[in-house]
Structure formats: C-alpha cells, structure tokens
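Chains as they are written, first to last, in the numbering used here: chain A, 1 to 298; chain B, 1001 to 1337; chain C, 2001 to 2308.
Some hints here could point you the wrong way.
Said to hold, decoys possible - One side only, chain A facing chain C, incomplete, derived with CB under 8 Å:
1) ALA59
2) VAL137
3) ILE139
4) PRO144
5) SER234
6) LEU239
7) ASP260
8) MET261
9) LEU268
10) LEU279
These aren't lab readings, by the way, just hints derived from the structure by calculation.
All values reported here derive from a predicted model rather than from experimental measurement.
Each residue gets a CB set at the ideal place from its N, CA and C atoms; glycine is no exception.
The chain contents come next:
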Amino acid sequence: MSVTPLDASGVAPQPLEGTSLWKSARRRLVRNRAAMGGLFVLLIIGIMAILAPHISAHAMDDISWENIGTPPNWADGYYFGTDSNGRDLFARTLYGARVSLMVGILASIVSLLIGVTYGAVAGYMGGAVDNVMMRIVDILYSLPFMFFVILLTVFFGRNIFLIFVAIGAVEWLDMARIVRGQTMALKHREFIEAAHAFGASSTSIVRRHIIPNILGPVMVFVTLTVPKVILLESFLSFLGLGVQEPMTSWGVLISDGARDMETAPWSLLFPATFLAVTLFSLNFLGDGLRDALDPKDR
Amino acid sequence: MTVSQDQPGWKTGNQTPLLVVDQLETRFATPDGTVSAVNGVSFSINKGETIGIVGESGSGKSQVLMSIMGLLPHNGTSTGSVKLEDREILGLSRDELNKIRGTRMAMIFQDPMTALNPYLTIGRQLTEVLTYHQNMSPTMAREQAREVLEQVHIPEPGKRLDMYPHELSGGMRQRVMIAMGMLCRPDLLIADEPTTALDVTIQAEILDLLAEQQAATGTSIILVTHDLGVVAGLCDRVLVMYGGRIVEQGPVREIFYDPQHPYTRALLLSMPRLDDDLAGDLPTIAGQPPNLARMPPGCAFAPRCGFASDLCRQAVPPLREIAPGRSKACTLDRLVA
Amino acid sequence: MLSFVAKRLLGAVPTLFVIITIAFFMIRLAPGGPFDSERAVPPEIQENLNRVYHLDQPLVGQYWLYLKSVLGGNFGPSFSYKDYSVTELIWSGFPVSMELGLTAVFLAVLIGGSLGALAALKQNRSADYTIMTAAMTGITIPNFVMAPLLTLVLGVYLRVLPVGGWGDGHELKYKILPVVALALPQIAYVSRLTRGSMIEVLRSNFIRTARAKGLSEWLTVTRHAARAAFLPVVSYLGPACAGIITGSVVIEQIFSIPGIGRYFIQGALNRDYTLVMGVVIFYGVLIIVFNLIVDVLYGVLDPKLAHR
C-alpha cells in the first residue's frame, strides 16, 4: 500500500503585492539615511547658491581696504571673514558654489549625451563597428584624462565653455559602456520584435521599452559624475588653469586659502568644507540611488 | 564491505560511544526571523561505525555536521551537548576546537573544486596539517603526504604534490580531500555529501575508498547524503531527518526493508528501481518541506502525511525505541506494508 | 609567458600611438602655438623649431619625423626654460617624482591592505566602521584639499613638519607630508578594495576547509585568505599608478617639490607646449609600462593563469 499524497495543509502563502520598480526603489532610497542626508544638504547648498546675491551682505568682488584678511565678523556682514584682497569670503564661497555646481551639472549632461549616443550607436550597429568603437573606449579608459584636459586649457585658453566640453568629453566612457550593453540586450529581446510585428513605431518602442531601462543607470551616472566633474574643475582651478578672474570657484578659493593659511586659516577652511561636504553628499546620494535601483549590485 | 558490523560492541553498546549528540539545536538569526535548522537531534556513534544521515535539502542534515565541527557562521548558535569521548566540545573556544579539528575529527566537503584552495599546491595543503598539528619537519611531512596520496590511489603522487587543484580531475580532488582528512588518523571522519558533485562512476570509487580507509584505520564515519543508494552501500546505521529532527533511525537493512515512519517509506518509494514497472507516474511526496522559520507545532511531516491525526499535529512526537537499536518519531505504532 | 608579454605590448602600441598623434596635432592646432604665424617667437627658438619640426617638409613628413624623434626620446626644446631641452628637464625631475610615487604606492598597499584586512576580520564592528569611514573621507576629499589641511595642522599649528620644499633631497622631514598626502587617497581605496575582497574570500569554501582542518585563525587568514584576497589589489595597482601620477602633479606644486609634475604645471601656466606635450607622452609611456608590469605580476601570482 503506498502513501496517498495529501494536499499540503501547511501555512497558506501570503499574496504578493505588485510593486513597480520605481515605487520599491523610492522606498529603499528613502530608508537610506546617508542618501537622504546628502540630498538635504545638497538642497540647502543649492538654495544658498541660487540666493547668493540676496543673502550676502557684500558683493563677491567688492574690495574693502579696511578688512584685508580679517576673521569672521557677523556684525559687519563678513560671515566667513575676508580673503587677502579684502573680499567677502561668504559671498565668494556662494558664487564658487554656483560655478562648481553649474559646471558639474552641465558637464555631466554633455558627458551623458556623448556617452548615450556613442553607446547606442555601438550597441545598435554591433559587429566590427562595435568592436572598433569599444576598443577605442578601452584605450581611452587607460589614459589619465586630467592631463588632456590640462592640455586643452593650455592650448585653447581658459574659457568656461571649453572647460565644460573638455570635462564632459572625458567622463562619457562609463555611460557609453552601459548604454551599449543595454542596447545590445534590447536589440535581441523578443518583445521588440513582437512590438514591431504589432506595428508599433520605433519612437514608441524607444519610449516605452528602452528609456525606462536606461533611466535608472542614467540617474546613477549623473549623480556620481557630477562630483567627479566638480572635482576636476576644482583641481584645474586650484592649479590656476580653471576659471578666471573675476569669476571664482571653490578650487580657486582653496588655492588662495592654502597660500594664506598661516595668516588667515578661515579662507582655506570654509571653501574646503563646502567642497568636501558637497562631494560627500553627492556620493552618498549616488550610492543610495545605485543601491535603491539595483540592490543586488553590492 | 564494512568491517564494523563484526566489531564487538556496536549492537550491545558495551563500549563508550565515540560521539554522543544530545538534544542539539541550531538556530540562525536572519533578517526574516529565527530559522531553526536543527531541532533537538540526539544520536551516538561508536568506534568503527558508519552512520548515514539522509534527508531532503533543508532537513538540517548538513547543519548537524557544521554544529559538531563548530563551523557555523556568525549568526548561528547551537545549544545542547556534543561529547567526543566524554568531553564536551560544543561551545569550546576556537583555539580549543582547533586542537581537535583535523586531528581527532576531520571533515570532507561536497564540492572538492571549491573546497580546496586554488592558490596553494596540493602538497602545501596536505603538509600544513602535519607541520601545524604534529610539528613535523617539512621533509617528513612531504613524505607522509606522498604516502597518503598513494593510499588513496592517486597515480604519480610525488608529482601531484606540486600541482594545483585545478590541474586535477574532480574524482582526484575528492581523493585528495579524503587523504587530507585522514592525515592525522582521526577517530571521526565527517563527510558532507562527498559524492554529490561527482559522476556516478566516480561516486562508487570514492565510496569504496572511504570503506577501505575505515577498514584500515578503524575510523568512524558520519556520512550525510540525500542519496539512499549511497547509504545502502556504505553505512551500518542510518538516521532519517526531516524538518531539523530525526524521524527514524536504525540499522540500514531494517530501515530499508521495513521502514516504520511514513516519511522514510515515502522516501524509499520515490526512489526509482531498475526492476520497476515502467508504466505509471513516478511516485513523489506531495507538498513542500516545512518553513524552518515558522515550524508547525506538531510533527513537521504531518501536513504531507497520509496517516496524520490530530495527535500528530498537536505536539511533536518524541523519538521512541520500537526495537533494539531502532527508534522513530511517530504516533503510529506500526506501519504495515 | 613570453607570448603573454608580447601580446600585451602589442596592445599597448595603439595607445601610445594615439597619445603621440594627439600630441602632434594639438601642437599644430594650438592658437598662439609655435605654428601660429601671428605669434612673435624669439629668433633662437624659431631656429630650433624649424630644425626640430622640419617645417619645410609636408605634413606627413613632419609627422613621421616627429614620431621618430619622440620614439628616440627627443621632445624638443623647452619654451620657457630657455637653455634646456624637455628631455633634460624630465630627466632631472624623474628621480624625485619616482621616489615620491613609489613610496606612496608602497604605503598604499601596506597600510591600505592591512587596514582593509582588519576591517574585514572585524566586520560590522566598530573597527570596521571607523576604518571604512576614514576610507570614505580619504577617497572623497581631494588631495589638494587634504594636503593644505594636513599642512595647516602639522606645519602651521603644531609646527612639527616643514610647510614645503625638498631640502637637498635627503632629509626625511621634507618628505613626510608630501608622501602622506599623495598616498592617502590610494590607502583609502586599497583598504576598501581589500575589505570587500577579504570578506568575499572569508566566505568561500576553501576557508571553511582550512578551519575544518583545525588551522589557527592566523594561519587561515595569512596563508589561505590573503593570497586570494590580494589579487584584486594587484590588479588595481595599474590604475593606482595612474592615480598617483595624477596626484603627484598637485602635491609637487603645493609643496614646491622639484619633480616632473611641477615642471608640468609651470609649463602649463607658461604655455610651454613642448614641455607639456613631452611630459604627457612620458607619463603615458610610464602608465603603459606599469600596467604591463602589473599584468605580468598578476599572471604569475594566479596559478590558474600561470599554467598556460
């Protein structure tokens, strides 16, 4: 006599709620305190940068002969003190924020566009074209770009537009790789063919299938590239190869501050702190986004 | 095949058992709650005996071994008692345990490719056991390593000593593992699914090798497997585990020919035999293994058991002796064929 | 092994080619550069230029000659240091930069590796959190912020170390701050890398076997785990060298150290095209060589690759 199987009368399984990718990603992100803290700090710095002329007591290039290299003095409106030229450090730090953040975002966008286009073309064309294009990426990847950016500034001058382009042109490699991978994977997926068969136009395929798959990595990329760009720009400015007078950026301020640190340490400490805090916040946010969108990628 | 059945003492239990496990419980703290992998396992093994532990994945059989050897991950805790020759080893400090591991009890694992260090030569991995535990000189250790490789029938042992694991075949790697385990002549050899990752033909060779080693050294063997065929070939006694508990145990022949627990019977019936009638479906056991994070209050097998009664579902049936050397955890008195 | 090296060298050639070609065209296209007819170039420099760049030849000829001269190690005369050729300048700065860089790499591996391993062994406990937070700081804060801050604390407030300079090249006190500032980001990165790798390795089956054999935890970690855990660090040495080269440029500038990096920046500020180009090509070659050495090293250390 054999055992007659009974229905399993164990604990009934819980029904799973359907959650969209974005909802669960958002939930994970919100729970990540470092990322949320970073976001908060970034918003504050961003608002301060935007409102710079309204909240500073002095203009950023106003020279005051009586207040050369003075420590913070809230009564006179020199919240962060003055630099060795008698200019209000608070205003200059906020203007520096404007420049750094602007360069960061714009250059990242340039990077993004170059990377997405390059990657999509390579992925779509496939074959020999793709091989060559990716080989170029590999070669470029092994070179330290800082040098080429410096070269560009030496040879072609120091205008800020060039800096955007130069920096953007060196950071696109990762995005190109990601987009190429996505494009290749999607090229072969059956639902694309099915969609084609159903008469769906290419634009709607791109809109409904390709874009959502790429949006996540794009967001992570931008959030993690902005600090790299800010870093590169600060680096150039620090060396004297970045933005020119009367514009200022954190790199310039830090360079000046380092020079004057024995007599006026605040002129180093304030911009350095702002730069460090911004970079930290961006990195926390970027890491948080990456973990939220792809939790298994630890 | 096995010499142990003729050894005096195993049936009457006159000599002190080598290993006594009493009410072993092992729990893991996970983000989803506490998982009870081992729920009150008790058994003993005598010198020279071979016992097999069988069960499905998730039955807790591997965790019993890990608990005995003290190889649980950080989030695992064991309670109960494990005595090696009357000495409590559960809860020993790592340094104390290290004196016993590799010397008095050794373990071999399922996948020899990942169980051996790919970055060290075979020779190094063998000799270090001897140089560390027995303070042997490197030359002597190397000579002994070569000898033990010969004993496990590895051709050209001298050359193999300088090879890396990836240069050997799967069967040879498992032989190396067995050699490594036997180096210090342990009293107890624990084998966690030693043949599962190997081809069927190699499986037989490895099992023969284990039997041979045991005959030569009198080592006791605990063999964990999900393959009943392996048990039949090598073991004196078998423990059947389900849901972290032993549900039946006894001498191999008796269990196989007269299973007294519904799970054991279902397990045996689900094994296809060469002389089976080819028509009809392959018998399976309906249902799923229990969720170890949320165990039912009664017998873990009750939800899938055709003979279950309310009594079974209310409380866990204790393991009770139904014949000399045989016990089962079931409310039924007798399961008739 | 020989074929492996040959293959890698072959792969490096296109990269070198790309660098030299970019260099050539940038010099020719730069506004205000030596080829800009509007720029007033002092006659002695013009003579040198004509000689070096063969301006009477067709473009292809010029490129070919440039290629040959670069491959022969001749980068032309410096524009700003009037009596020196670029090669001479690079040669004089090289020992200094090399000493700085190699020490930094050494520190990065030694300290970074140890800290990372420690963090892995005490995973999720306070030592781990402290080390990882410090590492995060080291990676995020750029070295041109870190160096002045360190100098502020150690040089200005505590006055234990000099604020800059190199002395005669033999005094330790001048070397401490620059080396530390240069090494810090790499120490941070290596420690994170090592921690991650070690945690992975400690979970693997062969570590379980080592423990089952009753080996002490010390032996298990140093003999069994370390080898496996450090392979990714070896791989990272290539990019690490590139990072240190990049960092040295800033560090040498901040601390007024007479290395190649400083010449590079001076050259950049003075629009000394040949100097700047020569340094970039030189650095490019260095990076390629380092990457090759690292690859060979990795091939030797990983038994699975060594037996081919």
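Each hint, compared with the structure:
no.	hint	result
1	ALA59	26 Å, violated
2	VAL137	12 Å, violated
3	ILE139	5 Å, holds
4	PRO144	5 Å, holds
5	SER234	7 Å, holds
6	LEU239	6 Å, holds
7	ASP260	10 Å, violated
8	MET261	5 Å, holds
9	LEU268	6 Å, holds
10	LEU279	5 Å, holds
The structure does not agree with the numbered hints 1, 2, 7 stated previously, though it agrees with the rest.
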